[in-house]
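Generate the whole structure from the sequences, applying the supplied hints.
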Amino acid sequence: MIEELRKKAEELLKNGTVKVVFGYGEGSTPERTRPVFITKPEDVNKLTWNKYCVYNLTTYLKRQETRKLGKPALILKGCDARTIIVLLKECQIKREDVYIIGVTCDGVGDPLATKCEACDVHTPLIYDDLVGEKRENKEVPFEERYAELDEYEKLGEKEKWEFWQKQFEKCIKCYACSNICPLCFCDRCIVEKNQPQWIDPSAHPRGNLSWNVTRAYHLAGRCINCEECQRVCPVDIPLNLLNKKLAKEAEKSFNYRPGYNIDDELAMSTYKEDDDQDFFK
Amino acid sequence: MSETKFEPKIIAFLCNWCTYAGADLAGTGRKQYQANVRIIKLPCTGGIDPLFLIKAFERGADGILVSGCHPGDCHYNSGNYHARRRWNVFRPLLEFCGINPDRIQFSWISAAEGGKWVETINSIVDTVRALGPFEGYHKLNTIGPEISGEAAAPSETG
Amino acid sequence: MEKLLNKNNFDSLITGLKKQGYKTIAPRKDNRLVTLEEIQDANEISLDHVITNNSIKEYFLPKTEKILSYTIDKNKVEIEEPEGFAVKSVIFGSRPCDAFSLPVMDKVFNWDCVDKFWVERREAVTIVTISCDKCDSYCFCTSVGLAPDAKQGSDVLLTKISNDDYLVETVTEKGENLIKELESVFSDPPSDTPDRQVATVEKKFDISKIKPWLDENFEHDVWDDFSNKCIGCGACTFVCPTCHCFDIVDECTMTKGDRVKNWDGCQFKMFTMHTSGHNPRSTQGMRWRQRIMHKFKYYVEKFDSTLCVGCGRCSRVCPADMNISEMLEIIETEAGK
Ligand code: SF4
Ligand code: SF4
Ligand code: SF4
Ligand code: SF4
Ligand code: SF4
Numbered sequence: 001m002i003e004e005l006r007k008k009a010e011e012l013l014k015n016g017t018v019k020v021v022f023g024y025g026e027g028s029t030p031e032r033t034r035p036v037f038i039t040k041p042e043d044v045n046k047l048t049w050n051k052y053c054v055y056n057l058t059t060y061l062k063r064q065e066t067r068k069l070g071k072p073a074l075i076l077k078g079c080d081a082r083t084i085i086v087l088l089k090e091c092q093i094k095r096e097d098v099y100i101i102g103v104t105c106d107g108v109g110d111p112l113a114t115k116c117e118a119c120d121v122h123t124p125l126i127y128d129d130l131v132g133e134k135r136e137n138k139e140v141p142f143e144e145r146y147a148e149l150d151e152y153e154k155l156g157e158k159e160k161w162e163f164w165q166k167q168f169e170k171c172i173k174c175y176a177c178s179n180i181c182p183l184c185f186c187d188r189c190i191v192e193k194n195q196p197q198w199i200d201p202s203a204h205p206r207g208n209l210s211w212n213v214t215r216a217y218h219l220a221g222r223c224i225n226c227e228e229c230q231r232v233c234p235v236d237i238p239l240n241l242l243n244k245k246l247a248k249e250a251e252k253s254f255n256y257r258p259g260y261n262i263d264d265e266l267a268m269s270t271y272k273e274d275d276d277q278d279f280f281k
Numbered sequence: 001m002s003e004t005k006f007e008p009k010i011i012a013f014l015c016n017w018c019t020y021a022g023a024d025l026a027g028t029g030r031k032q033y034q035a036n037v038r039i040i041k042l043p044c045t046g047g048i049d050p051l052f053l054i055k056a057f058e059r060g061a062d063g064i065l066v067s068g069c070h071p072g073d074c075h076y077n078s079g080n081y082h083a084r085r086r087w088n089v090f091r092p093l094l095e096f097c098g099i100n101p102d103r104i105q106f107s108w109i110s111a112a113e114g115g116k117w118v119e120t121i122n123s124i125v126d127t128v129r130a131l132g133p134f135e136g137y138h139k140l141n142t143i144g145p146e147i148s149g150e151a152a153a154p155s156e157t158g
Numbered sequence: 001m002e003k004l005l006n007k008n009n010f011d012s013l014i015t016g017l018k019k020q021g022y023k024t025i026a027p028r029k030d031n032r033l034v035t036l037e038e039i040q041d042a043n044e045i046s047l048d049h050v051i052t053n054n055s056i057k058e059y060f061l062p063k064t065e066k067i068l069s070y071t072i073d074k075n076k077v078e079i080e081e082p083e084g085f086a087v088k089s090v091i092f093g094s095r096p097c098d099a100f101s102l103p104v105m106d107k108v109f110n111w112d113c114v115d116k117f118w119v120e121r122r123e124a125v126t127i128v129t130i131s132c133d134k135c136d137s138y139c140f141c142t143s144v145g146l147a148p149d150a151k152q153g154s155d156v157l158l159t160k161i162s163n164d165d166y167l168v169e170t171v172t173e174k175g176e177n178l179i180k181e182l183e184s185v186f187s188d189p190p191s192d193t194p195d196r197q198v199a200t201v202e203k204k205f206d207i208s209k210i211k212p213w214l215d216e217n218f219e220h221d222v223w224d225d226f227s228n229k230c231i232g233c234g235a236c237t238f239v240c241p242t243c244h245c246f247d248i249v250d251e252c253t254m255t256k257g258d259r260v261k262n263w264d265g266c267q268f269k270m271f272t273m274h275t276s277g278h279n280p281r282s283t284q285g286m287r288w289r290q291r292i293m294h295k296f297k298y299y300v301e302k303f304d305s306t307l308c309v310g311c312g313r314c315s316r317v318c319p320a321d322m323n324i325s326e327m328l329e330i331i332e333t334e335a336g337k
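Residue numbers (this note's numbering), protein chains in the order written: chain Z, 1 to 281; chain U, 1 to 158; chain W, 1 to 337.
Hints should not be assumed to be uniformly reliable.
[As the list claims (entries may be wrong)] The list that follows gives simulated cross-link-like pairs (lysine-lysine, PhoX-like), each with its CA atoms no further than 25 Å apart:
| hint | chain 1 | residue 1 | chain 2 | residue 2 |
| --- | --- | --- | --- | --- |
| 1 | Z | K160 | W | K29 |
| 2 | Z | K51 | Z | K134 |
| 3 | Z | K158 | Z | K170 |
| 4 | U | K139 | Z | K160 |
| 5 | Z | K193 | W | K204 |
| 6 | Z | K170 | W | K203 |
| 7 | Z | K62 | Z | K19 |
| 8 | Z | K51 | Z | K7 |
| 9 | Z | K71 | Z | K7 |
| 10 | Z | K158 | Z | K248 |
| 11 | W | K107 | W | K3 |
| 12 | U | K139 | Z | K281 |
| 13 | W | K63 | U | K139 |
| 14 | W | K116 | W | K174 |
| 15 | Z | K170 | U | K55 |
| 16 | Z | K62 | W | K269 |
| 17 | Z | K193 | W | K63 |
| 18 | W | K23 | Z | K170 |
| 19 | W | K209 | W | K107 |
| 20 | W | K3 | W | K19 |
| 21 | W | K88 | W | K29 |
| 22 | W | K63 | W | K256 |
| 23 | W | K63 | U | K55 |
| 24 | Z | K158 | U | K139 |
| 25 | U | K5 | Z | K158 |
| 26 | Z | K281 | U | K55 |
| 27 | U | K31 | Z | K281 |
| 28 | Z | K51 | Z | K89 |
| 29 | Z | K170 | W | K269 |
| 30 | W | K116 | W | K134 |
| 31 | Z | K193 | U | K41 |
| 32 | Z | K166 | U | K5 |
Everything labelled a hint here was simulated from the structure, so no lab data went into it.
Structural data, given as structure tokens:
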């Protein structure tokens with residue numbers, strides 16, 4: 001598979017289809033890979049593929065430093081490719097501006113990432129080329145997809161509050177979670193705005209709660225569950241639980257899952273007249 | 001020391017066209033209701049960012065009301081529909097984080113529903129009074145100033 | 001002074017510290033992380049990690065702290081300065097690289113203005129370091145002039161000499177006093193030369209080659225090439241024991257407020273953004289260059305010390321696997337060209 005990837009990359013660079021290939025290279029340790037940006041056909045041997053290819057490389061579509069390199073081909077797993085669908089819908093990229101080398105994937109991470117346990121996109125839903133043997137994308141039932149949430153949803157109000165306060169307390173406001181997120185693409189995040197100062201920049205309990213809730217909420221109905229934010233959080237806050245909770249609510253209320261169907265309206269920029277309003281008085 | 005009765009602070013975010021006018025009607029009709037509510041008038045419920053709610057709790061609110069035009073009556077056609085979507089996901093998120101959803105209430109109150117306004121306010125004040133002060137949240141103000149019922153600094157009003 | 005400490009006596013050590021009025025901070029395991037935290041009991045202490053995820057700096061320069069509060073009346077302003085921020089404590093089981101970061105940062109916090117928060121905490125805290133008996137591939141203390149059993153910055157150094165015993169060496173008077181206060185916990189050191197169990201940390205680059213190259217290469221392709229993958233999150237600066245940039249903000253209402261000091265870092269786009277919208281460090285390459293330049297050139301020029309102790313935290317935590325020692329190896333190679 002690595003050979004196939006390299007060959008594909010070489011071909012695309014040689015025939016001028018793209019200027020750069022965003023892929024995975026060897027990392028600092030054997031248990032790690034790192035993003036690499038291949039601009040010369042002779043460098044394609046730097047590309048690799050293994051279970052440590054956790055990164056969602058679409059995040060580099062938002063960075064001016066990597067945009068500068070020219071039209072990219074991106075090596076994308078099924079989950080990552082879902083980002084493309086959201087980015088297209090949200091008018092952040094044009095289809096012709098990216099070339100997608102989809103890879104079929106059996107799961108990444110060691111131990112296996114939680115997102116992979118309930119993966120229904122082993123074969124990407126959108127690609128220009130597919131590398132790897134095509135897998136059947138089996139549907140995973142709703143309950144199973146959100147099973148991770150059960151034990152937390154069960155908690156009482158006070159226990160929930162205490163659990164999250166303990167988590168948020170750790171936050172050091174490094175913003176790795178939003179910087180890594182391919183869908184956190186605002187040039188200036190709300191937390192960086194101080195006229196008015198909506199979110200306290202201090203990493204104290206008050207500022208941390210409003211930051212973490214706001215970050216999660218801004219991804220509501222958009223997050224494609226790549227789990228990158230949780231992976232990079234240096235203090236190990238289970239951000240994925242917040243994201244998943246929102247995904248679950250969006251799916252339950254609007255019957256919508258981001259990144260699956262390019263024809264679906266974006267959940268948060270549309271409405272239905274009969275949307276649920278049981279909680280309204 | 002005599003025990004002082006807890007009086008909840010309720011912040012109401014109202015749309016200009018319906019609920020605010022409804023509250024006005026209650027006033028001109030000289031209807032009585034509990035005086036625990038402070039109203040913030042906005043053009044439309046569609047313009048209420050969830051951060052407003054968070055800020056209100058940070059600043060000492062014990063309960064929040066968000067209210068606007070009935071579906072189909074929005075002055076801007078669809079603002080309230082968009083708002084409804086937002087609260088559909090934001091409310092469970094707060095609940096997931098351990099915030100009692102009863103501290104935040106949503107309602108549709110038209111300009112003609114002065115009576116419903118009175119009922120709604122009385123009901124949320126009673127509910128929140130029973131829940132008690134939102135100490136959990138207010139205690140988070142460990143570094144920043146303890147803020148209650150004060151005007152914001154100029155920089156905060158942008 | 002040399003002493004011996006048996007692992008079984010950790011218990012009496014921690015109770016002893018408590019009795020003497022010390023707050024004890026030690027490495028504690030919680031899920032995937034091992035962090036320096038306040039502990040109450042000796043069995044909370046983790047000993048089998050390479051290095052704690054958080055650095056020692058947060059006990060001297062917290063991630064957020066109030067530096068003053070004020071109230072504004074019609075015609076007067078009242079200012080209240082915080083007190084009691086320096087708490088008599090012992091940091092037990094920090095690593096030599098972390099301990100060394102303290103004297104390195106003393107230089108800047110005693111420079112043009114004496115930072116009382118730093119200085120008073122430094123006085124109140126005693127550092128009991130445990131030499132590293134293992135390391136990982138990110139460690140590079142030996143490349144920046146340190147060692148896994150270096151003493152600089154510690155008040156007391158413990159080094160493992162058998163499965164259960166630690167050799168106790170006092171480094172400063174403060175350390176000596178601490179040992180005296182808890183005399184009964186320690187026993188006499190062995191008479192023969194003990195077998196010090198210390199990790200072997202590979203030397204990755206020659207530090208003398210770095211600064212001369214940096215002096216000449218403010219403009220160079222390596223900055224952009226290396227930092228393309230950096231996402232500018234600033235995690236590296238926050239976990240770094242020697243990064244000390246902060247931002248001061250007011251959290252206030254019309255009539256009262258707090259002035260708060262928060263960590264900040266040069267890897268953020270906003271760090272150097274001007275009000276006009278102009279940003280002198282407009283690309284990640286420039287920001288990455290700043291990080292290296294500050295640590296291996298500017299600080300050396302100003303304070304005659306490298307602003308990096310080789311703990312490797314920045315590289316372990318980096319979401320994009322930016323590895324600082326690899327960067328320095330590249331510089332060494334470039335310098336040799
Ligand atoms: S919020 Fe997290 S999981 Fe969701 S898209 Fe962003 S990085 Fe991925
Ligand atoms: S990555 Fe973690 S510590 Fe950093 S800002 Fe996000 S939640 Fe906070
Ligand atoms: S080097 Fe790594 S940790 Fe530092 S800002 Fe860049 S991506 Fe973040
Ligand atoms: S720059 Fe990296 S290796 Fe050096 S002291 Fe900071 S975190 Fe440790
Ligand atoms: S390297 Fe950057 S964040 Fe660290 S002290 Fe220097 S300027 Fe500050």
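Structure-based check of each hint:
1. Between K160 (chain Z) and K29 (chain W) the alpha-carbon distance is near 22 Å, which keeps this suggested pair within the 25 Å criterion.
2. Our distance criterion of 25 Å between C-alpha atoms is met by K51 (chain Z) and K134 (chain Z), whose separation comes to about 17 Å.
3. For a cut-off of 25 Å, the pair hint linking K158 (chain Z) to K170 (chain Z) stands: about 19 Å separates their Cα positions.
4. Taking the CA atoms of K139 (chain U) and K160 (chain Z), the gap is near 16 Å; set against the 25 Å cutoff, the hint holds.
5. For the hint pairing K193 (chain Z) with K204 (chain W), the CA-to-CA distance comes to about 42 Å; that exceeds 25 Å, so the pair is violated.
6. Of the pairs offered as hints, the one joining K170 (chain Z) and K203 (chain W) is violated, with about 34 Å between alpha carbons and a cut-off of 25 Å exceeded.
7. Of the pairs offered as hints, the one joining K62 (chain Z) and K19 (chain Z) holds, with about 17 Å between alpha carbons and a cut-off of 25 Å not exceeded.
8. The hinted pair formed by K51 (chain Z) and K7 (chain Z) meets the criterion: a straight-line CA distance of about 20 Å does not exceed 25 Å.
9. Distance check on the hinted pair: K71 (chain Z) and K7 (chain Z) sit about 18 Å apart at the alpha-carbon level, within 25 Å; holds.
10. Pair hint K158 (chain Z) plus K248 (chain Z) holds up; C-alpha atoms about 22 Å apart against a cutoff of 25 Å.
11. Between K107 (chain W) and K3 (chain W), the direct Cα distance comes to roughly 31 Å. Violation of the 25 Å bound is thereby established for this hinted pair.
12. Note on K139 (chain U) and K281 (chain Z): the hinted pairing is violated, with a Cα-Cα distance of about 30 Å set against a maximum of 25 Å.
13. With a C-alpha separation of about 19 Å, the suggested pair K63 (chain W) and K139 (chain U) falls inside the 25 Å cut-off, and the hint holds.
14. Annotation: proposed proximity of K116 (chain W) to K174 (chain W) holds, straight-line Cα distance about 19 Å (limit 25 Å).
15. Note on K170 (chain Z) and K55 (chain U): the hinted pairing holds, with a Cα-Cα distance of about 21 Å set against a maximum of 25 Å.
16. Among the hinted pairs, K62 (chain Z) with K269 (chain W) is consistent with the structure: their alpha-carbon atoms are about 14 Å apart, no more than 25 Å.
17. A hinted pair counts as satisfied when its Cα atoms are at most 25 Å apart, and K193 (chain Z) with K63 (chain W) qualifies at roughly 20 Å.
18. A threshold of 25 Å between alpha carbons decides the hint, and for K23 (chain W) with K170 (chain Z) the separation of about 20 Å falls inside it, so the pair holds.
19. As the CA atoms of K209 (chain W) and K107 (chain W) are separated by approximately 24 Å, the hinted pair is consistent with the 25 Å bound.
20. A threshold of 25 Å between alpha carbons decides the hint, and for K3 (chain W) with K19 (chain W) the separation of about 21 Å falls inside it, so the pair holds.
21. Simply put, K88 (chain W) and K29 (chain W) have alpha-carbon atoms about 23 Å apart, close enough for the 25 Å limit, and the pair holds.
22. A hinted pair counts as satisfied when its Cα atoms are at most 25 Å apart, and K63 (chain W) with K256 (chain W) qualifies at roughly 22 Å.
23. For the proposed pair K63 (chain W) and K55 (chain U), the alpha carbon gap of about 22 Å is at most 25 Å, so the pair holds.
24. Between K158 (chain Z) and K139 (chain U) the CA atoms are separated by roughly 14 Å; this keeps the pair inside 25 Å, and the hint holds.
25. About 24 Å separates the Cα atoms of K5 (chain U) and K158 (chain Z), which keeps this hinted pair within 25 Å; it holds.
26. The hinted pair formed by K281 (chain Z) and K55 (chain U) meets the criterion: a straight-line CA distance of about 23 Å does not exceed 25 Å.
27. For the hint pairing K31 (chain U) with K281 (chain Z), the CA-to-CA distance comes to about 20 Å; that is within 25 Å, so the pair holds.
28. About 30 Å separates the Cα atoms of K51 (chain Z) and K89 (chain Z), which puts this hinted pair outside 25 Å; it is violated.
29. For the given pair, K170 (chain Z) sits about 23 Å from K269 (chain W) by alpha-carbon distance, which is consistent with the 25 Å threshold.
30. At roughly 36 Å between alpha-carbon atoms, K116 (chain W) and K134 (chain W) are farther apart than 25 Å, so this suggested pair is violated.
31. A threshold of 25 Å between alpha carbons decides the hint, and for K193 (chain Z) with K41 (chain U) the separation of about 23 Å falls inside it, so the pair holds.
32. Straight-line distance between C-alpha atoms of K166 (chain Z) and K5 (chain U) comes to about 32 Å, which puts the hinted pair past the 25 Å bound.
Checked against the numbered hints above, the structure breaks hints 5, 6, 11, 12, 28, 30, 32 and satisfies the rest.
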